[in-house]
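Undergrad: Construct the entire structure; sequences and hints are all you get.
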Amino acid sequence: MLAYALRRVLSTLPVMAFVALFVFSLLYIAPGDPAVVIAGDQASPADVERIRANLGLDQPFLVQFGSWVWRLLHFDLGTSIFTNLPVASMIAQRLEPTLSLMMVTLLLTIIVAVPLGVIAAWKAGTWIDRIIMAFAVFGFSVPVFVVGYILAYVFALKFDWLPVQGYTPLSQGVWPWLQNLILPAVALGCVYIALIARITRAAMLEVLQQDYIRTARAKGLGQGGILFIHALKNAAVPIVTVVGIGIALLIGGAVVTESVFAIPGLGRLTIDAILRRDYPVIQGIVLLFSFVYVLVNLLIDITYTLVDPRIRY
Amino acid sequence: MDRRTVLKGLAGAGGLALTGFAAPAIAQGAAARTLRFVPQANLANFDPIWGTQYVVRNAAAMVWDTLYGIDDQFVPQRQMVESEEVSSDGLTWTFKLRPGLKFHDGEPVLAKDVVASLTRWSARDPMGLMLKAIQSELVAVDDKTFKWVLKQPYPKMLFALGKGNAPCAFIMPERLAQTDPFKQIAEYVGSGPFKFAKSEWVPGAKAVFEKFTDYVPRQEKPVWLAGGKQVLMDRVEWVIMPDPATAAAALQNGEVDWWENPITDLVPVLKGNKNIGVDIGDPLGNVGSFRMNHLHAPFNNVKARQAILMALSQEDYMRALVGDDNSLWKPLPGFFTPDTPLYTEAGGDILKGKRDFAAAKKLLEEAGYKGEPITCVVAQDQPITKAFGDVTADLLKKLGMNVDFVATDWGTVGARRAQKTPPSQGGWHVFHTWHAGADCINPAAYTALRANGDKAWFGWPTSEPVEKEITNWFAAKSLDEEKAVAARINKAAIDDVVFAPTGFFLGYTAWRKNVAGVTKGPIPLFWGVSKTA
Numbered sequence: 001m002l003a004y005a006l007r008r009v010l011s012t013l014p015v016m017a018f019v020a021l022f023v024f025s026l027l028y029i030a031p032g033d034p035a036v037v038i039a040g041d042q043a044s045p046a047d048v049e050r051i052r053a054n055l056g057l058d059q060p061f062l063v064q065f066g067s068w069v070w071r072l073l074h075f076d077l078g079t080s081i082f083t084n085l086p087v088a089s090m091i092a093q094r095l096e097p098t099l100s101l102m103m104v105t106l107l108l109t110i111i112v113a114v115p116l117g118v119i120a121a122w123k124a125g126t127w128i129d130r131i132i133m134a135f136a137v138f139g140f141s142v143p144v145f146v147v148g149y150i151l152a153y154v155f156a157l158k159f160d161w162l163p164v165q166g167y168t169p170l171s172q173g174v175w176p177w178l179q180n181l182i183l184p185a186v187a188l189g190c191v192y193i194a195l196i197a198r199i200t201r202a203a204m205l206e207v208l209q210q211d212y213i214r215t216a217r218a219k220g221l222g223q224g225g226i227l228f229i230h231a232l233k234n235a236a237v238p239i240v241t242v243v244g245i246g247i248a249l250l251i252g253g254a255v256v257t258e259s260v261f262a263i264p265g266l267g268r269l270t271i272d273a274i275l276r277r278d279y280p281v282i283q284g285i286v287l288l289f290s291f292v293y294v295l296v297n298l299l300i301d302i303t304y305t306l307v308d309p310r311i312r313y
Numbered sequence: 001m002d003r004r005t006v007l008k009g010l011a012g013a014g015g016l017a018l019t020g021f022a023a024p025a026i027a028q029g030a031a032a033r034t035l036r037f038v039p040q041a042n043l044a045n046f047d048p049i050w051g052t053q054y055v056v057r058n059a060a061a062m063v064w065d066t067l068y069g070i071d072d073q074f075v076p077q078r079q080m081v082e083s084e085e086v087s088s089d090g091l092t093w094t095f096k097l098r099p100g101l102k103f104h105d106g107e108p109v110l111a112k113d114v115v116a117s118l119t120r121w122s123a124r125d126p127m128g129l130m131l132k133a134i135q136s137e138l139v140a141v142d143d144k145t146f147k148w149v150l151k152q153p154y155p156k157m158l159f160a161l162g163k164g165n166a167p168c169a170f171i172m173p174e175r176l177a178q179t180d181p182f183k184q185i186a187e188y189v190g191s192g193p194f195k196f197a198k199s200e201w202v203p204g205a206k207a208v209f210e211k212f213t214d215y216v217p218r219q220e221k222p223v224w225l226a227g228g229k230q231v232l233m234d235r236v237e238w239v240i241m242p243d244p245a246t247a248a249a250a251l252q253n254g255e256v257d258w259w260e261n262p263i264t265d266l267v268p269v270l271k272g273n274k275n276i277g278v279d280i281g282d283p284l285g286n287v288g289s290f291r292m293n294h295l296h297a298p299f300n301n302v303k304a305r306q307a308i309l310m311a312l313s314q315e316d317y318m319r320a321l322v323g324d325d326n327s328l329w330k331p332l333p334g335f336f337t338p339d340t341p342l343y344t345e346a347g348g349d350i351l352k353g354k355r356d357f358a359a360a361k362k363l364l365e366e367a368g369y370k371g372e373p374i375t376c377v378v379a380q381d382q383p384i385t386k387a388f389g390d391v392t393a394d395l396l397k398k399l400g401m402n403v404d405f406v407a408t409d410w411g412t413v414g415a416r417r418a419q420k421t422p423p424s425q426g427g428w429h430v431f432h433t434w435h436a437g438a439d440c441i442n443p444a445a446y447t448a449l450r451a452n453g454d455k456a457w458f459g460w461p462t463s464e465p466v467e468k469e470i471t472n473w474f475a476a477k478s479l480d481e482e483k484a485v486a487a488r489i490n491k492a493a494i495d496d497v498v499f500a501p502t503g504f505f506l507g508y509t510a511w512r513k514n515v516a517g518v519t520k521g522p523i524p525l526f527w528g529v530s531k532t533a
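So the sequence lines, in the order shown, correspond to chains A and B. Going by the UniProt record's numbering, the first residue of the first sequence is number 1, and it counts up by one from there. Going by the UniProt record's numbering, the first residue of the second sequence is number 1, and it counts up by one from there.
You may find that some hints are simply not true.
Said to hold, decoys possible - Calculated cross-link-like contacts (lysine-lysine; reagent style DSSO-like; alpha-carbon spacing at most 30 angstroms):
id, chain 1, residue 1, chain 2, residue 2
1, B, 491, B, 420
2, B, 398, B, 491
3, A, 158, B, 206
4, A, 158, B, 491
5, B, 513, A, 158
6, A, 158, B, 271
Hints were generated in silico from the structure; no laboratory data involved. Note that the structure is predicted; figures quoted are calculated from it, not measured.
TA: Written out as structure tokens, the structure is:
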């Protein structure tokens with residue numbers, strides 16, 4: 001297993017290199033020029049050219065790419081064109097809010113979605129199943145920002161229970177930290193809960209029709225034991241897969257959620273960087289996200305072996 | 001249902017629910033000495049000479065002081081300067097700094113700092129470049145005195161040093177001011193009333209300014225950028241909020257104290273909350289702009305440009321922007337900011353009265369337009385340009401023009417508008433923007449009005465009469481003379497259609513009523529602002 005994990009980690013290197021080249025090329029050919037944004041409306045073309053030269057943007061593609069890769073090999077993601085701050089420190093600054101949001105959302109999702117899916121499968125065809133699935137369709141259909149606004153209105157504006165916006169670092173206490181994350185996590189989690197509840201239901205329905213479940217029932221095992229010990233464990237592979245894939249959704253959803261709740265996370269940093277054409281920041285974030293995807297996939301594969309001993313690498 | 005509709009509806013509901021429901025979330029004590037402010041945009045960089053965005057200028061005005069500051073009559077008043085003297089031939093200006101000036105690192109402000117700062121500024125600012133072009137020398141005479149010797153008189157010297165248009169002539173320590181003006185400074189040390197807390201800066205989210213306790217304000221009453229800058233708060237925190245609905249909710253909830261520019265849709269909600277004050281923020285407002293490319297057909301022909309002036313309805317543009325709130329806009333049959341000394345409507349009849357589509361179509365025909373595609377590049381991520389772009393697409397179609405509507409983002413528009421190539425090869429025919437009214441009070445910072453061909457602003461208009469009169473304005477020695485020149489500029493700029501003004505519009509600002517001292521001004525002014533718990 002260790003050898004497999006190591007092989008997988010090493011195999012990410014060419015993937016990362018390809019992503020790096022792809023992203024760099026894409027940004028190179030994309031319209032927009034940070035020097036124009038920086039120079040402002042008063043600047044002459046000569047001023048813009050001088051700024052481009054200072055930023056190294058006037059260099060040929062291969063020179064720019066080469067120098068970026070060289071810096072990467074030295075663990076240097078470069079410096080933001082706009083803020084003049086190291087990209088690594090900008091990402092580090094934004095990592096905690098995004099990770100916190102994702103973690104709380106993921107936790108909330110698993111706690112809510114898996115039991116909902118199990119119950120829906122158990123009560124398949126009944127009004128309970130229909131209500132749960134209706135909720136799932138709703139959660140999947142309503143945009144994150146709409147849910148966000150509704151939550152903010154009810155729980156922040158009307159009842160004043162939770163703040164509308166912002167982020168408090170965990171170092172300042174668990175409750176202040178959590179306070180800022182509850183509403184965004186619920187808003188972001190709605191889609192995710194809906195997705196996982198549906199997948200769990202489908203996987204459970206398939207498992208519940210298996211012979212060993214019938215046997216377990218015949219042996220007089222309680223409903224809870226059947227559902228959560230026998231059936232859920234065997235339905236876990238597709239659920240684990242969708243939880244992993246869902247992390248991709250979380251990253252995408254975090255962009256909107258962080259804007260709606262003014263959370264200073266990576267999502268907002270990404271949008272700001274794209275709108276300003278802050279190339280080093282965009283490249284740094286994309287590399288990080290790519291690495292996270294690869295890592296999550298690896299974790300999913302490893303988790304398979306834990307939930308299903310038949311799977312071996 | 002779109003995002004804007006949802007936020008409007010919910011924020012409205014929130015406003016109704018909160019009427020009579022004061023629930024400030026901020027605790028007592030330290031929070032009461034901290035002002036939380038939502039600025040118009042993200043503070044993405046902090047070198048006010050290198051980057052000229054309004055938001056950078058606004059933040060910089062807290063941290064760096066200027067030698068002079070304009071007041072609400074647009075008159076430059078002494079700020080860091082104690083006295084100035086100009087020789088009888090108008091060529092030698094000698095300035096003396098006032099005592100007690102200190103940088104945030106504890107070092108005194110010396111003449112050598114001023115000389116280095118003005119040298120850097122004059123490499124980037126249009127007025128600075130004019131001064132540099134006629135400069136004999138700029139030197140420190142002693143620690144408190146510096147001298148600027150010119151080859152020809154420059155009557156607008158004090159305005160140049162005190163103007164609020166970016167880049168302002170901010171004074172930095174010599175070691176920072178020696179930075180290449182095309183590279184960013186790495187430290188943010190000024191001598192202004194606030195210190196920038198760099199360690200707390202999260203670009204895109206938060207910027208913090210602390211009271212500079214060693215700052216010695218002037219004794220005069222504060223007016224705009226002039227007078228005594230008395231700081232009454234310990235800290236000012238800029239909280240960047242990309243989402244207007246969130247900003248509105250945070251203001252209603254007491255999580256922030258002042259929102260620089262609430263969007264028009266949400267203003268009724270804020271006005272309905274008894275804990276919130278709402279008023280026009282910047283009385284100088286903005287001038288809307290429909291910019292045509294003078295290099296390519298059909299707009300290289302003045303008749304085609306005149307056809308646009310003849311047909312465009314400023315009311316359509318303004319309604320698309322501000323809705324039914326008539327207090328927020330004015331027709332603008334000219335180029336200068338309304339209610340300022342140089343405002344004139346000379347030559348502006350073509351923008352008044354009933355719109356004449358028949359005559360406009362005839363002019364287009366005379367200009368040789370035969371249905372070629374008109375590339376209208378519109379930044380969809382800017383509500384103002386988006387609204388203008390939609391109206392223009394409709395207008396051009398009504399004129400029988402073939403519109404190629406390029407919907408994109410501001411970053412792309414910024415790069416594309418600099419292209420002089422034909423529209424079919426990556427160039428453009430039309431784009432929209434707006435200019436801060438503070439930049440349009442006179443020709444000093446009004447880059448968009450210049451008509452010097454290749455050197456002019458995007459669209460590259462050429463108009464000798466406009467250029468001649470702008471030169472005359474810089475030489476004008478009295479307000480009456482300036483007014484006469486401004487009338488001639490206005491007429492010439494309309495005759496040659498340097499660009500098409502789409503109207504004058506204002507914006508609101510909103511604050512919680514426990515905040516006192518919020519005043520109208522061309523930038524948000526934090527001195528004199530206080531807050532009760």
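Undergrad: For this structure, which hints from the list above don't hold up?
TA: Violated: hint 4 alone.
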